[in-house]
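Peer 1: Chain residues, written in single-letter form:
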Amino acid sequence: MVKREPYAFGQLRIEFDVQTPVVHGPAATGEERRIEAREDALREWVRDDALGRYRPLPTARTMRPGWYVRCEPGFSLDDALEVIYPLAVRHQRMLAEGTLRLVSLQRVFDRQSGRYRAAGKLSAAGREAARRVLCNRCVKVPLWDGETAGSKDIPCPEPCSLMLSLCREAALWEEAPPAPAPIDPSVAWAAFDEPGNEIRETYLRERSAPANEVGLLR
Amino acid sequence: MSRALLLAGHGSHLNADSSAPVYAHAARLRERGMFDEVRIAFWKEEPSLSRALDGCDADEITVVPVFMSAGYFTNEVIPREMGLNGRKCCIRGKTVRYTAPVGGHPSLARVVVQRALEAGATGDEALAVLGHGTERHRQSEANVYQQSEFVRALGAFPEVLTVFLDQQPGMMDVFDLTARAEVVVVPLFIADGWHAGETIPEGLGDLREDGRRLHYAGAVGTHPSVADVILELAAEAAAW
Ligand code: SF4
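Heads up: the protein sequence lines correspond to chains A and B, in order.
Per the working numbering, the very first residue in the first sequence carries number 1; after that it's consecutive.
Per the working numbering, the very first residue in the second sequence carries number 1; after that it's consecutive.
If you're looking for bench data, these hints aren't it; they were derived computationally from the structure.
Warning: the hint list may mix true and false statements.
When the alpha-carbon atoms are kept at most 20 Å apart in a straight line, the in silico SDA-like pairs for lysine to any residue are as follows [claimed, not checked]:
| no. | chain 1 | residue 1 | chain 2 | residue 2 |
| --- | --- | --- | --- | --- |
| 1 | B | Lys-94 | A | Leu-100 |
| 2 | B | Lys-94 | A | Lys-3 |
| 3 | B | Lys-88 | B | Ala-181 |
| 4 | B | Lys-88 | B | Thr-134 |
| 5 | A | Lys-152 | A | Gln-106 |
| 6 | B | Lys-94 | A | Arg-61 |
| 7 | B | Lys-88 | B | Tyr-216 |
| 8 | B | Lys-94 | A | Arg-101 |
| 9 | B | Lys-94 | A | Lys-152 |
| 10 | B | Lys-94 | A | Glu-97 |
| 11 | A | Lys-152 | A | Ala-37 |
| 12 | B | Lys-94 | B | Leu-84 |
| 13 | A | Lys-121 | A | Gly-98 |
| 14 | A | Lys-152 | A | Leu-164 |
| 15 | B | Lys-94 | B | Gly-211 |
| 16 | A | Lys-121 | A | Arg-61 |
| 17 | A | Lys-152 | A | Thr-29 |
| 18 | B | Lys-88 | B | His-215 |
| 19 | B | Lys-94 | A | Ala-209 |
| 20 | A | Lys-152 | A | Val-89 |
| 21 | B | Lys-94 | B | Gln-114 |
Computed beta-carbon distance windows for the label pairs [to be verified]:
| no. | chain 1 | residue 1 | chain 2 | residue 2 | range |
| --- | --- | --- | --- | --- | --- |
| 22 | A | Pro-73 | B | Leu-177 | 54 to 64 Å |
| 23 | A | Thr-29 | B | Met-172 | 49 to 59 Å |
| 24 | B | Thr-95 | A | Gln-19 | 36 to 46 Å |
Not close to chain A: a few residues of chain B, all C-beta gaps over 12 Å, as computed [claimed, not checked]:
| no. | residue |
| --- | --- |
| 25 | Gly-11 |
| 26 | Asp-17 |
| 27 | Ser-19 |
| 28 | Tyr-23 |
| 29 | Ala-26 |
| 30 | Ala-27 |
| 31 | Arg-30 |
| 32 | Ile-40 |
| 33 | Gly-55 |
| 34 | Asp-57 |
| 35 | Leu-165 |
Keep in mind that this is a model prediction, so the values were computed, not measured.
Where is the CB? At the ideal position from N, CA and C, for every residue including glycine.
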């Protein structure tokens with residue numbers, strides 16, 4: 001029997017107990033907690049971060065540490081990965097096959113209506129800062145922005161709804177710049193309109209910093 | 001010919017429970033084994049509407065919007081994000097059918113009645129269908145009135161009212177709309193989120209002081225029987 005090698009996938013580490021895949025969350029001190037090999041149990045576990053905050057972006061680098069799930073018969077490794085990182089395996093495969101369609105940020109803006117139409121007004125510098133601040137907090141590689149992914153990376157073919165939401169807020173901030181506030185970890189991860197939100201405050205700091213300082217903040 | 005069922009929901013960047021009913025209905029439908037694949041997609045969560053078809057292997061895909069009313073999301077956002085043009089189209093070699101939303105189907109009326117009975121109603125009360133409503137989208141209001149009509153047609157309750165959270169007649173007026181001593185309010189909502197779980201019961205609780213009795217049901221959208229409504233929509237679409 002061929003021994004399968006462990007590998008990293010986003011924030012996960014996939015190991016094999018003989019032939020049984022075991023998915024481990026980020027490392028932690030102490031004993032790992034076993035999560036039931038069931039779609040709903042696993043989804044509920046990865047839904048919140050270590051602070052108990054909802055993770056609307058499954059690929060955000062906010063996964064709580066110290067857990068594992070053994071992929072029993074009836075709940076395959078692909079099933080587990082689909083719950084944790086929806087479509088990630090599929091997009092990896094499509095990229096390898098050359099069938100992954102890429103959609104640019106501009107095209108996503110162009111098709112918006114309603115409250116998200118405002119996102120398209122964001123300046124080029126604002127778009128760049130939004131990509132840097134948000135995508136750097138995500139395990140995916142934004143191919144839509146011209147980056148290239150290796151075979152082990154998780155490709156991002158199209159800006160996600162969080163990116164659209166951040167760009168909308170950022171476009172409004174360009175019209176009426178808000179005062180910066182200290183980061184408050186109790187503010188919801190995606191509440192970009194709330195002072196203290198980590199992503200909002202990082203973005204505002206980047207945009208107000210002189211250009212040569214921005215590199216230091218990356 | 002393999003077949004996929006794809007449930008399209010709203011999802012939320014802030015409320016973890018908003019998508020729970022969509023996952024629950026998908027799991028129920030998967031268990032029934034009537035489709036080769038049962039998948040989900042959201043406007044504000046992953047997998048996104050715009051990439052959902054990437055995850056489908058089947059040759060025929062039926063997209064059912066898990067929304068309570070037709071309107072901006074079902075008429076504009078879902079078709080645009082998924083690239084659908086019309087109720088039946090071909091996308092990258094696959095046949096994609098797009099049904100009306102769950103909330104517009106006549107068989108949802110049975111679920112409304114079930115919810116009312118589960119809340120302690122006996123069939124002698126006035127049943128008030130509670131919709132969200134919005135002055136901006138009249139179609140949403142029309143859907144709620146239409147669903148009340150379907151409930152009325154079942155004849156399970158002597159009186160069927162329609163009230164709204166965000167427009168007139170408001171839910172706080174529910175006892176002014178009927179002479180009956182007891183009213184059962186059934187929220188035509190997808191999830192027991194902030195509205196159906198907290199705001200509405202709190203608001204209605206104030207009305208109980210005048211001695212008249214109010215029963216408050218859980219959101220229609222979380223009822224397991226919604227899975228049957230989804231199957232009916234898919235079956236009707238298969239004939240197109
Ligand atoms: S757009 Fe950026 S943050 Fe969103 S999923 Fe893609 S890489 Fe991640």
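Peer 1: Could you tell me which of the hints above the structure violates, numbers in ascending order?
Peer 2: 2, 3, 4, 5, 6, 7, 9, 11, 13, 14, 15, 16, 17, 18, 19, 21, 25, 26, 27, 28, 29, 30, 31, 32, 33, 34
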